[in-house]
Amino acid sequence: MSDIINLTLSSLINKIKKKELSSQEITNAYIARAEKSKDLNTYITTDFENAIEKAKKFDEKGNFDYKLPGVPLAVKDLFCTNNLKTTAGSKILSNFTPSYESTVTQHLWDEGAILLGKLNCDEFAMGSSNETSFFGNVESPVGKKVVPGGSSGGSASALAAKLTPATIGTDTGGSIRQPASFTGTVGLKPTYGSCSRYGIVAFASSLDQAGPMTQDVSDAALMLDVISKYDTKDSTSVNFKRGDYFKSLSSNIKGKKIGIPKEYRVDGMPKEIESLWQDGITLLKKLGAKIIDISLPHTKYALPAYYIVAPAEASSNLARYDGVKYGYRSGGDNLISMYENTRSEGFGDEVKRRIMIGTYVLSSGYYDAYYLKAQKIRRLIKNDFDEAYKSVDAILTPSTPSSAFKIGDKTNDPVSMYLNDIFTVPVNLSGLPAISIPAGKDKNNYPLGLQLIGKAFEEQNLLNISYSMEKELSFKNNLQDWWIK
Amino acid sequence: MSKNKEYLIKRGNSEYEVIIGLEVHAQVLSKSKLFSDSPTNFGAEPNTQVSLVDAAFPGMLPVINEFCIKQAVKTGIGLNAAINKKSIFDRKNYFYADLPQGYQISQYKDPIVGEGSILLDLPDGEKKVGIERLHLEQDAGKSIHDIDPLNTLVDLNRSGVALMEIVSKPDLRSPEEVNLYIKKLRSIMRYLGTCDGNMQEGSLRADVNVSIRKTGDKKLGTRCEIKNVNSIKFMQMAIEYEANRQADILEEGGSIDQETRLFDTKKNETRSMRSKEDAHDYRYFPDPDLLPLELTEDFISKIKKEIPELPDEKKKRFVDKFKLTPYEANILVSDIETSKYFENVIKDSDIKLATNWITGELFALLNDRNLEISESPISSKNLSTLINLIKDGTISGKIAKTVFEIMANESKDPKSIIDEKGLKQQSDPKEIEKIVDDVIKENPKNVELFKSGKDKLFGFFVGQVMKKTDGKANPKLVNDILKKKLN
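Going line by line, the protein sequences match chains R and S.
Under our numbering, read the first sequence as residues 1 to 485, first letter to last.
Under our numbering, read the second sequence as residues 1 to 487, first letter to last.
Chain R extracted, bound-state conformation (with noise of 0.2 Å):
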C-alpha cells in the first residue's frame, strides 16, 4: 500500500497500463491514507463510494489506452462537478451541487480519471494561507500549524501529504505557484487562454486559470496535455496549438538564455530565498543555459494593480451570490434585507473586504484614479515582459518571498497576506505561463521554490527547463507522517 502512495502519476500509470496495479487497489490506497489524514483537513467534500465504484467498473473493462486510465483525483472545490456539491470553500455555496462539469475536470473523467473529491481552498479562492475558507484552516504536511499556502491550500496539502498522485489547482495571483512552492510540489499556471475557465467558479475572470499540481516536472506536463484544450464555451480560451508536453520533454537547455530580473531583488527578503535563488542561477549556468541580466522595471507597480484589478472584477462576479437562485439565503422583510443578510452571513470577512475594495475602485469618481490606472499598469507590466522575452527564452525568479508561516501568524495583516503574491501577480497580470518548482529548504525544513515564467503559449520550453532542473536539485520532502492517525 505504501508504495502505491509513493508513486508518481506518470509511474502509477505504467503500473496500471501493464496490470501491475488495478485501479481498485490505487483508490483503496489512496481513500486509506485520506481517512487517516482527516487532521489535514484537505477535503471539503469526499465521493469515495463512488470512486470505489468507478475503479470497479474500470478494472472490468476500463480504457486502458487513456491518458489517466483508472487514477484517482481529487480536486480543488472550485472546479464545479456535476451532481457533486462544488462550495467554492464558501458557506454561500455550502449547499450547491452543479448539475454540470467545468470544462477541465470533465476532460480528467474523459481520459479515465476517477474523482475522489473535492479539495479545500480559501474562499472563492482570495487567500494565500487557506485560512479564509469557511470549511476551517488547512494544515500542511510540512509542519504541525504550518499553513499549505493557497488558494490552492487544500491541494497543495493532499498532494504533499500523498493524499491524491496529483491535482488541479486554479491561479489567479498565485495561487497554485505559493502553496506548491510552501509544500515542496510542483505547480504551473499555463498561460491565460490555455484551460477552459468553464464551470470554475470565478475569483477575477481576467486572471483566473487552472493548471496542474503535481509531485515531479513530467506529472505536470502529462496532466497539461489532459486539461489544454481550446472550449468554444470560454470566449477567451485560446486556440494556438498545443504540444505534445508529456512526450515532447527534454532535459537539453544548452543554449538557453535565462533572464535573472534585477527589480525582484526585494528590501527584507531572508538571505536564504536570496540564496536559493542564486543557487538556480548556478545550476542553470551548469546545465549549459545563458544567464542574463534583466530589468522589468514596473514589476513594484504589480501588486498594488492587481489589488485593484482582481477585486474589482470579483466585486462585480461575486454579485450573482445574491440568495435569489441557489446557495445560502438568509432571510428578511424585504428583497434588500434578504440581500444583505444573505451577504453578510454568505461571505467571509476577506471576501468581503474584497467586495469592497472593489466596489469603490469602480465607483464613480475613483474608476480613473484606480481602475482605469490600474490597467495603463498592466499594460505596461506586459510590456516589461515583452521586451524582456526579445533576449531571453524564461524568467527565473524565487516564488516566493518566504516560506511557509505558522497558521494566525499573518491573518491580522492583509497587507503582509497580500505580498506573498509579490513574484506571482505579475504573471498573471501579463497572461504568461510560469512554473514552481521544489528547489530547496529553509532552517526549519520548509521547502522553497524556485519560479520560472515562460513566453506566452510556450510551455513546453518551461517544462523543459525545470524537467532538467528538476533532476540535477533531486529535491525530496521527507515527510514524517505526523499526521496520520
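Heads up, some of the hints might be wrong.
[What the hints assert, rightly or not] What the simulated footprint calls covered on chain S by chain R, stretch by stretch (three residues with Cβ under 8 Å from a Cβ of chain R suffice, anywhere in the stretch; the number is not a length):
1) 51–58
2) 62–72
3) 101–112
[Unchecked claim] Computed list of lysine to aspartate or glutamate pairs in EDC-like fashion (alpha-carbon distance at most 20 Å, straight line):
4) S:92 x R:368
5) S:381 x S:350
6) R:373 x S:110
[Stated by the list, open to error] Examples of chain S residues toward chain R, derived with CB under 7 Å:
7) 91
8) 95
9) 97
10) 281
11) 283
12) 288
13) 289
14) 290
15) 291
These are calculated hints, taken from the structure and not from any lab test.
By construction, the Cβ of each residue, glycine as well, lies at the ideal position given by its N, Cα and C atoms.
The hints should help you fit chain S onto chain R, whose structure is shown.
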C-alpha cells in the same frame, strides 16, 4: 416649418418649445439569446427558456451570438449609421431579483453602431432626426408581484434576450414627431427583419427624455427621463403631461430637477422615480469574460449586400415608376407587408385602381376586423383579378364592392363569385335597348315630364333599368341608350 404648425406650450406671454430624445429598446429578432443558446419564444411557460448562463450559475460564461451582432450591424446600416469595427461589452452592475448575474452586459463607451439618421415625412416636408448610437445589451428577467400575495416570483425567460438600444439625438419637437419617428424606426427594422416591432409583446419600448425651453433660446433645458413606456399613445400622453408640468414649474419661477420619472397610464401623469442624486452608480467596466468585439470589413460588406430596399428608396421608386403621389406612396411603403401586397397586385392589374382599392376598401376591411395585411382574407391575386374584371367591363365598380364583400367573407376568387351569383355586367346593347323600351313604355307620364324639361328625371329612368337588371346593366350603355331614346 411654418410657425403655426409648431407644437408649443403656451403660458401667459411665454411660448415653450418641447425637446424630445428617445432611447428605444428594440428586441433583436433572433432564435436564441445574446450570450446563450436558449430560445426566445414569447409567451412560453415561465422559466422554460432559461439556460445555466441566463440564470448565472457559478462558472457559467457568456458567448456572443454572432447572429445578434449581424442584426445590430444590419440595423445600423438601415439607420445610415457608422459601424464601429471595434466595440466593447461592459458590465452594468446593480442588484435586482430578476437580474441573475447582478450585472447587465451592455455596451457603454464603445457601442457597435455610431451616428446615423432617420427621415420623417411631415405633412410639409421631410425632417432628418439624428441617431446618436445603437448598442447591444441583455434584457433582464421579469419580477411578478401580483400572483403570490407574500412573494415576488421571477420569470427568467427574457433574461439574456438581445436588445438594441437606439438613442436619438434631441431632435424631436412634438408628440406627433415621436409618433412618426417610432413608426419609421419600426418600419425600417421590420424591412430589415431585425426586430418585429411588436409593442404589445414588449419587443419595442422606449425611455423618453423631455425638456422645454423658451422659443428662440439656444440652450437646452434640464431634462427628465420617463422610463419604459410601451406604446406610442402613452409616449405622446407622457410627453404632453411632462412638457406642461415643466412649463408650470418654470412659469412659477421654479427650476426643473433632473430626474427619472414613471408614466402612470391610469392617472395619465408622470411621477418621480428617483432624482439625480439617487441615481445608481452602475460601476461600468469592460466584461472580462468577453474579448472586444472586432468586425472585419468583409463581415460588414457581406451584410451590406443583404440589405433590402428600404422604405425611403421604395417610396421614391413608387412615386417615380408608378406615378403615385408621395402621400399614397408613404401609406403603401410604411409597412413592408403592405408594399409587398401592393406590388403583387399590380403585377398584372391597373396601378391607379389597385392603389385606390388597397388604401380604400382593403384598409377599411382590415381596420374593421383588426387584421394585419398578412392575415387579409383577400389575397393579392384575387384583388388583382377583381381589378381586372372592373377594368375590362365584366363588372361595374358598384358590383365590384358587392363582390369584394363576398370575397372578404368567403375568401373565394371573384370570377367564381360573379358566376355563382350571376353578377356579370349586361353589356349587350340590344338587350339593354329592350329593357329601356320597356321602362319608357311603363312610365309615359315621366317621359312627358322629362321632355318638358324636368332633366332630373333622367336618374329615375337609369334607376328603373338597373332595377330590372338587378344592377348588372353596364351603366355607360344604359346612359347612352336612354339619352338616345328620350331625346
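Here's how the hints hold up against the structure:
1. Residue count for the region 51–58 of chain S with a Cβ under 8 Å from a Cβ of chain R: 5. That meets the three needed, and the coverage hint holds.
2. Three residues within the 8 Å Cβ limit are the bar, and the region 62–72 of chain S against chain R gives 3, so the coverage statement holds.
3. Proximity of the region 101–112 of chain S to chain R, defined as three or more residues with a beta carbon under 8 Å from a beta carbon of that chain, is established by the 3 residues found.
4. Using a Cα cut-off of 20 Å, the hinted pair residue 92 of chain S and residue 368 of chain R holds, with the two alpha carbons roughly 16 Å apart.
5. For the proposed pair residue 381 of chain S and residue 350 of chain S, the alpha carbon gap of about 13 Å is at most 20 Å, so the pair holds.
6. With a CA separation close to 19 Å, the supplied pair residue 373 of chain R and residue 110 of chain S stays within the 20 Å bound.
7. A least Cβ separation of about 5 Å between residue 91 of chain S and chain R falls short of the 7 Å threshold, and the interface hint therefore holds.
8. Below 7 Å, beta-carbon pairs count as interface contacts, and residue 95 of chain S has one with chain R at about 6 Å; its hint therefore holds.
9. About 5 Å separates the beta-carbon of residue 97 of chain S from the nearest beta-carbon of chain R, less than 7 Å, and the hint is met.
10. Residue-level restraint check for residue 281 of chain S holds (minimum Cβ-Cβ distance to chain R is 5 Å; threshold 7 Å).
11. About 4 Å separates the beta-carbon of residue 283 of chain S from the nearest beta-carbon of chain R, less than 7 Å, and the hint is met.
12. With a least beta-carbon distance of about 4 Å to chain R, the hint placing residue 288 of chain S at the interface is held under the 7 Å criterion.
13. For the restraint placing residue 289 of chain S at the interface with chain R, the shortest Cβ-Cβ distance is roughly 5 Å, inside the 7 Å limit, so the hint holds.
14. Hint status for residue 290 of chain S: holds, given a least beta-carbon distance of 5 Å to chain R, under 7 Å.
15. Below 7 Å, beta-carbon pairs count as interface contacts, and residue 291 of chain S has one with chain R at about 6 Å; its hint therefore holds.
Checked against the numbered hints listed earlier, the structure breaks none of them; every hint is satisfied.
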